[in-house]
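Visitor: Sequence:
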Amino acid sequence: MFHKHTIIHTEKNSINLLVVDVNYQHGKIAYFDLNQQPKARKSLSKDPKRSPIRPSRVQSKPLCASIDEFNRHISKYDYLVEKTEYQNGLYIPKQLPKLKRDKIVSERIQDAKDRYELIAPIVEDDEKRYEYLYTNLASHHIKTLSIATGVNAVHIARLLSQYFYRGACLEAMYPNYRYCGCNYQPISDFSENSPKRGRHTTSTEYRNRLPEDEKNIEEFLRRLGKKMFNRISYTQMYRLYDFYYQSVEVSIKGDDGVKTSRKVPKAQSDSISYQTFYYCIKLLEKNRLFSWCIFSPALITQWH
Numbered sequence: 001m002f003h004k005h006t007i008i009h010t011e012k013n014s015i016n017l018l019v020v021d022v023n024y025q026h027g028k029i030a031y032f033d034l035n036q037q038p039k040a041r042k043s044l045s046k047d048p049k050r051s052p053i054r055p056s057r058v059q060s061k062p063l064c065a066s067i068d069e070f071n072r073h074i075s076k077y078d079y080l081v082e083k084t085e086y087q088n089g090l091y092i093p094k095q096l097p098k099l100k101r102d103k104i105v106s107e108r109i110q111d112a113k114d115r116y117e118l119i120a121p122i123v124e125d126d127e128k129r130y131e132y133l134y135t136n137l138a139s140h141h142i143k144t145l146s147i148a149t150g151v152n153a154v155h156i157a158r159l160l161s162q163y164f165y166r167g168a169c170l171e172a173m174y175p176n177y178r179y180c181g182c183n184y185q186p187i188s189d190f191s192e193n194s195p196k197r198g199r200h201t202t203s204t205e206y207r208n209r210l211p212e213d214e215k216n217i218e219e220f221l222r223r224l225g226k227k228m229f230n231r232i233s234y235t236q237m238y239r240l241y242d243f244y245y246q247s248v249e250v251s252i253k254g255d256d257g258v259k260t261s262r263k264v265p266k267a268q269s270d271s272i273s274y275q276t277f278y279y280c281i282k283l284l285e286k287n288r289l290f291s292w293c294i295f296s297p298a299l300i301t302q303w304h
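In terms of our numbering, the sequence shown is residues 1 to 304.
Calculated from the structure, these hints are not laboratory results.
Beta-carbon label-pair distances, calculated as ranges:
(1) ASN152 - TYR24: 32 to 40 Å
(2) THR144 - HIS73: 28 to 36 Å
(3) GLN236 - SER146: 32 to 40 Å
(4) ASP33 - LYS113: 28 to 36 Å
The beta carbon of each residue, even a glycine, is placed where N, CA and C say it ideally should be.
Produce the entire structure from the sequences given, and follow the hints as far as they go.
Guide: So this is what it looks like as structure tokens:
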């Protein structure tokens with residue numbers, strides 16, 4: 001018996017399937033193939049510094065098959081079944097003032113509600129939902145909704161894909177900021193009382209850097225890679241570092257029993273500031289300590 005919100009995979013990911021819906025009445029199952037790379041989108045920018053290809057956010061639409069056909073396919077493998085936890089967090093970089101962070105969170109929650117209301121005529125109607133997932137009428141329903149709302153059909157299609165890809169709940173409609181499926185957590189927690197050096201400020205409470213921070217930054221740069229390091233700004237690097245190394249993951253169980261994971265930034269007193277992060281990187285640059293030669297592609301796959 002199959003259940004939605006589960007991942008069926010092998011240890012080496014020969015198959016890696018996210019089940020998003022199971023319809024036993026009609027004997028059908030809908031899923032995403034997590035090994036299938038989304039199609040690239042052409043960039044509209046002519047800036048030579050920008051990559052000519054932008055990665056697509058999610059796959060276009062869930063795949064579907066009869067339950068018997070699906071079972072025959074996966075039975076060829078020694079597979080595992082795991083409950084999935086969706087990372088639908090409202091991550092906001094902590095260097096922003098609290099009032100601005102609260103405002104952004106409020107705006108994103110409202111945006112999520114607006115997006116859900118847009119696709120609600122399809123996902124809340126049992127017949128249309130079934131036809132979207134399991135028949136060739138998906139395009140028809142999307143175009144009809146586009147005409148009724150005036151919203152581009154491509155945008156509606158993307159929101160529907162995101163809705164099912166990320167848990168089929170309201171939280172799935174939050175902005176897709178840095179959604180990479182990364183469950184990485186820092187190796188150790190900082191318990192040492194280490195206030196930030198310099199003049200005391202009332203607006204921030206960042207602490208001074210510790211040896212563990214320097215190791216984390218070096219590891220972060222190896223994961224980032226030389227190509228990406230040369231492409232993005234230091235501010236973008238800090239936001240990435242803050243997301244992966246200075247936040248904790250909290251699991252929340254919704255009314256429908258679906259667990260979602262939310263990245264929650266650590267307190268400033270348990271984090272380093274952008275200025276400290278920037279100083280560490282410039283120090284590494286000055287001393288030529290970037291270890292690009294030992295960069296492992298296996299590391300970066302954990303981020304994508």
